[in-house]
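Protein chains in written order, with UniProt numbering: chain A, 1 to 450; chain B, 1 to 450.
Misleading hints may appear alongside valid ones.
Since the list can't tell identical chains apart, any single copy or any two copies may satisfy a pair.
In silico EDC-like cross-links for lysine to aspartate or glutamate, where the CA-CA straight-line distance does not exceed 20 angstroms [what the hints assert, rightly or not]:
1. 57 with 222
2. 57 with 447
3. 338 with 427
4. 399 with 22
5. 338 with 368
6. 360 with 413
7. 360 with 22
8. 399 with 356
Just so you know, these hints were derived from the structure itself, not from any lab. Note that the coordinates shown come from a computational prediction; the quantities given were computed from them, not determined experimentally.
There are 2 protein chains.
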Amino acid sequence: MSQHTRALTEFLAGLTYEQIPEPVLARTEDLFLDWLGSALASAGSHPIPLFERYAQKMGPADGPARILVNGQSSSAYFAALVNAASSHLVEQDDLHNSSVLHPATVVFPAALAAAQDLGKSGRELLVASVAGYEAGIRIGEFLGRSHYRIFHTTATVGALAAAVAVGKLMDFDQQQFTHLLGSAGTQAAGLWEFLRDAADSKQLHTAKAAADGLLAAYLTAEGLTGAQNILEGEQGMAAGMSRDAEPSKLSDRLGSRWALAETSFKFHASCRHTHPAADALLALMQREGLGADDIASVTTRVHQGAIDVLGRVTVPQTVHQAKFSMGTVLGLIALYGKAGLTEFHSHALSDPRVGEFREKVSMTLDPEVDGTYPARWLGRVEVTTADGRTLHGAIDEPKGDPGNTLSRAELEDKFRRLVQFSVARSDDEAGALIDTVWRLRELQRLDALA
Amino acid sequence: MSQHTRALTEFLAGLTYEQIPEPVLARTEDLFLDWLGSALASAGSHPIPLFERYAQKMGPADGPARILVNGQSSSAYFAALVNAASSHLVEQDDLHNSSVLHPATVVFPAALAAAQDLGKSGRELLVASVAGYEAGIRIGEFLGRSHYRIFHTTATVGALAAAVAVGKLMDFDQQQFTHLLGSAGTQAAGLWEFLRDAADSKQLHTAKAAADGLLAAYLTAEGLTGAQNILEGEQGMAAGMSRDAEPSKLSDRLGSRWALAETSFKFHASCRHTHPAADALLALMQREGLGADDIASVTTRVHQGAIDVLGRVTVPQTVHQAKFSMGTVLGLIALYGKAGLTEFHSHALSDPRVGEFREKVSMTLDPEVDGTYPARWLGRVEVTTADGRTLHGAIDEPKGDPGNTLSRAELEDKFRRLVQFSVARSDDEAGALIDTVWRLRELQRLDALA
Numbered sequence: 001m002s003q004h005t006r007a008l009t010e011f012l013a014g015l016t017y018e019q020i021p022e023p024v025l026a027r028t029e030d031l032f033l034d035w036l037g038s039a040l041a042s043a044g045s046h047p048i049p050l051f052e053r054y055a056q057k058m059g060p061a062d063g064p065a066r067i068l069v070n071g072q073s074s075s076a077y078f079a080a081l082v083n084a085a086s087s088h089l090v091e092q093d094d095l096h097n098s099s100v101l102h103p104a105t106v107v108f109p110a111a112l113a114a115a116q117d118l119g120k121s122g123r124e125l126l127v128a129s130v131a132g133y134e135a136g137i138r139i140g141e142f143l144g145r146s147h148y149r150i151f152h153t154t155a156t157v158g159a160l161a162a163a164v165a166v167g168k169l170m171d172f173d174q175q176q177f178t179h180l181l182g183s184a185g186t187q188a189a190g191l192w193e194f195l196r197d198a199a200d201s202k203q204l205h206t207a208k209a210a211a212d213g214l215l216a217a218y219l220t221a222e223g224l225t226g227a228q229n230i231l232e233g234e235q236g237m238a239a240g241m242s243r244d245a246e247p248s249k250l251s252d253r254l255g256s257r258w259a260l261a262e263t264s265f266k267f268h269a270s271c272r273h274t275h276p277a278a279d280a281l282l283a284l285m286q287r288e289g290l291g292a293d294d295i296a297s298v299t300t301r302v303h304q305g306a307i308d309v310l311g312r313v314t315v316p317q318t319v320h321q322a323k324f325s326m327g328t329v330l331g332l333i334a335l336y337g338k339a340g341l342t343e344f345h346s347h348a349l350s351d352p353r354v355g356e357f358r359e360k361v362s363m364t365l366d367p368e369v370d371g372t373y374p375a376r377w378l379g380r381v382e383v384t385t386a387d388g389r390t391l392h393g394a395i396d397e398p399k400g401d402p403g404n405t406l407s408r409a410e411l412e413d414k415f416r417r418l419v420q421f422s423v424a425r426s427d428d429e430a431g432a433l434i435d436t437v438w439r440l441r442e443l444q445r446l447d448a449l450a
Numbered sequence: 001m002s003q004h005t006r007a008l009t010e011f012l013a014g015l016t017y018e019q020i021p022e023p024v025l026a027r028t029e030d031l032f033l034d035w036l037g038s039a040l041a042s043a044g045s046h047p048i049p050l051f052e053r054y055a056q057k058m059g060p061a062d063g064p065a066r067i068l069v070n071g072q073s074s075s076a077y078f079a080a081l082v083n084a085a086s087s088h089l090v091e092q093d094d095l096h097n098s099s100v101l102h103p104a105t106v107v108f109p110a111a112l113a114a115a116q117d118l119g120k121s122g123r124e125l126l127v128a129s130v131a132g133y134e135a136g137i138r139i140g141e142f143l144g145r146s147h148y149r150i151f152h153t154t155a156t157v158g159a160l161a162a163a164v165a166v167g168k169l170m171d172f173d174q175q176q177f178t179h180l181l182g183s184a185g186t187q188a189a190g191l192w193e194f195l196r197d198a199a200d201s202k203q204l205h206t207a208k209a210a211a212d213g214l215l216a217a218y219l220t221a222e223g224l225t226g227a228q229n230i231l232e233g234e235q236g237m238a239a240g241m242s243r244d245a246e247p248s249k250l251s252d253r254l255g256s257r258w259a260l261a262e263t264s265f266k267f268h269a270s271c272r273h274t275h276p277a278a279d280a281l282l283a284l285m286q287r288e289g290l291g292a293d294d295i296a297s298v299t300t301r302v303h304q305g306a307i308d309v310l311g312r313v314t315v316p317q318t319v320h321q322a323k324f325s326m327g328t329v330l331g332l333i334a335l336y337g338k339a340g341l342t343e344f345h346s347h348a349l350s351d352p353r354v355g356e357f358r359e360k361v362s363m364t365l366d367p368e369v370d371g372t373y374p375a376r377w378l379g380r381v382e383v384t385t386a387d388g389r390t391l392h393g394a395i396d397e398p399k400g401d402p403g404n405t406l407s408r409a410e411l412e413d414k415f416r417r418l419v420q421f422s423v424a425r426s427d428d429e430a431g432a433l434i435d436t437v438w439r440l441r442e443l444q445r446l447d448a449l450a
């Protein structure tokens, strides 16, 4: 085993509640509420009921863990599966920039399901979640940009992040964490190919990542052994799925850098790659007092990853695809001033003005933007006005990023809007859930989170 | 979608029982019995009980599908999971040479579990299994040798082969098979890294491949969509996991070439990469009348894949590792004339003469052997005798290969020995299972297979 994998597994085994700074614990609660809203928002939306039916068919009729969208009980495996599918549907879950990992949608479903199964407390859930974030983010950074060009990092690395969270709930020692990474890493899968067909794999990816990670942890607890060097070995993850892996990323400032706190909340309900340009356009329009009709064309200056992920969608056919259409997102921003769930579902495909605006938008690779990515997500747009002027818009930190984060009031507001969208819970129930999450570290059991 | 993926999915959708030649149906029954023996042989052996406990913890207490090693009932998902782990433990399951895929251990567990769940007949099971073999073998050939250097093809391609078998039981049409390949392919995972630590991932790989493939099929039946070009697309399996993919392999002589019938039975209880040399050494020793003590050294002339897979094991620490030790296998052959399960468990680690013989064995890359691999697995050994002679042994088709296959009597004998090894069933029960398998195409239900 390399020094970096050893350092990471030693950190994970040794991590205690007391070591975690108060702002990191508070941010974990913020992220948990944000995740819960994303999961509940998808109730009733395709393809989530498919996963619910699968759990009913293959799983037990009852169990210690809860499926959020329908309130049913099941075993931890199926709760993790369905909840992880649910929380990655409406594109409102969190993102860590430099790893391009959505940690919440894989870490929290596995951690909550296992914590309910094992009778763990809120504090134990928080420590386990921090462990999952810290490991997952570093493994994502380790695998690098070449990995993300083909593989959906939240799917591949997600299995390891979820596994680590469950392993922490099980009090794994350093050797068990090594076996765990081996068994989770050898299950790591998820390809971007589905994107060009707007297929349902994104939810399958997060569902499987959380469930596979949980499976790895439960089997490790039983005594299953795994490869000792799955990340860096000659036939390991980096060897098979990356060309620019950086081993030192695995142990980057463990215990002093809290990568969890670098995670961004999503403000717009679209693919994160559209957010910098959306914020830059909005800032420019507000500054110059422009309306949508005043704009003749928009050139967004972006990083290569945005072109890779968004470049496939020309004319979106579904709401989900619209969230990956730069032109559609900027059309909603220009016409409605925001691109939330309601705007996507009510206007993205049906308002012909959005389609017209979409045709005015292009993407071009910008060396400066690309050079700072993925550490920073700079927003740069060039607008040609109807009256012939060329204007520039720029933001250096999108809304929701750590330096421009959401307050607890804004998070509560977002949570209530997400729950209202699906009507998965009443307003009163939403309020009770908010109260429960803000008291997370006092809870002895997590049965109330359902 | 490319013409090759389209041709493959059209073939799968259109395949009928009547189209399959009688010798292929009979060979499918042979392969099924051979698989059943491999699954039962592992009862009680680590790590199979771990998977059984996982199924008990996460699955329902009862269900339509059967777990072979313990006779318990569960849902199809967990039966596929445990049975697929079971059948890849004792290294006695089948292998298709040019794809380097072990089809039985992934196709049959998924197909049998789903057939029991869906109330299908023996004929339907046979057609589904043929579909799984034909698709899996071609996809393995398509991904090529570069894939196998890092990825365990039986794990990655196994998910697609298992999915296809279950999809055929569900009477999928061409479009559903396309979605199915998308959802199975994006779950494809399994790295060789575990091999150098003799870790338990091999069973995890087959367990997950069968279970993931089955999951993909059940979700596709519910309406889950998948990438339309998961095999050949720019962000698909070949793009991410191969450097020498050949798309034409996907549709190679569909309907006229029956790849299933090219599958080899394992005669020795070791990694298939050791078999050509083992047979060549045995032939040479019999021809020359040599005993183990007459041999000073053995140089095995092998293909690169053998060095990649076997080269990691120097001094085996476990029986499983011994099956990947060329020197140990040849030591058993030289000392006992065979390398079956009993020889491995009774002598491979404990007989010091085996260890001494192991030290006399080396591997070297042979251009001729490497050039014909993986279509042919040539066995070439060079022996230096204690009295200073240099002798050459060669076989062109290992025992168990299609041109040197096992008779039904030999298959029954192998099955009985496998079942006796674990005592999973009595001799009478073993005989009844043999009778059931030979009547497979007359069975209306598959409940008797348990």
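Do the hints match the structure? See the list:
When the C-alpha separation of residue 57 and residue 222 is checked against a cutoff of 20 angstroms, the pair qualifies only between copies, where the shortest distance is 12 angstroms, while the shortest distance within a copy is 26 angstroms. Within a single copy, residue 57 and residue 447 get their C-alpha atoms only as close as 23 angstroms, which misses the 20 angstroms cut-off; across copies the closest is 19 angstroms, which meets it. For a Cα distance limit of 20 angstroms, the shortest separation of residue 338 from residue 427 qualifies neither inside one copy, at 23 angstroms, nor across copies, at 72 angstroms. Taking the closest pair of Cα atoms, residue 399 and residue 22 never come within 20 angstroms of each other, the shortest separation being 23 angstroms inside a single copy and 66 angstroms across copies.
For the homomeric pair residue 338 and residue 368, neither the shortest alpha-carbon distance inside one copy (26 angstroms) nor that between copies (66 angstroms) is at most 20 angstroms. Taking identical chains as interchangeable, the C-alpha atoms of residue 360 and residue 413 are never at most 20 angstroms apart, the minima being 33 angstroms within one chain and 73 angstroms between chains. Neither within a single protomer nor between protomers do residue 360 and residue 22 lie at most 20 angstroms apart by alpha-carbon distance, with minima of 46 angstroms and 62 angstroms respectively. Neither within a single protomer nor between protomers do residue 399 and residue 356 lie at most 20 angstroms apart by alpha-carbon distance, with minima of 26 angstroms and 68 angstroms respectively.
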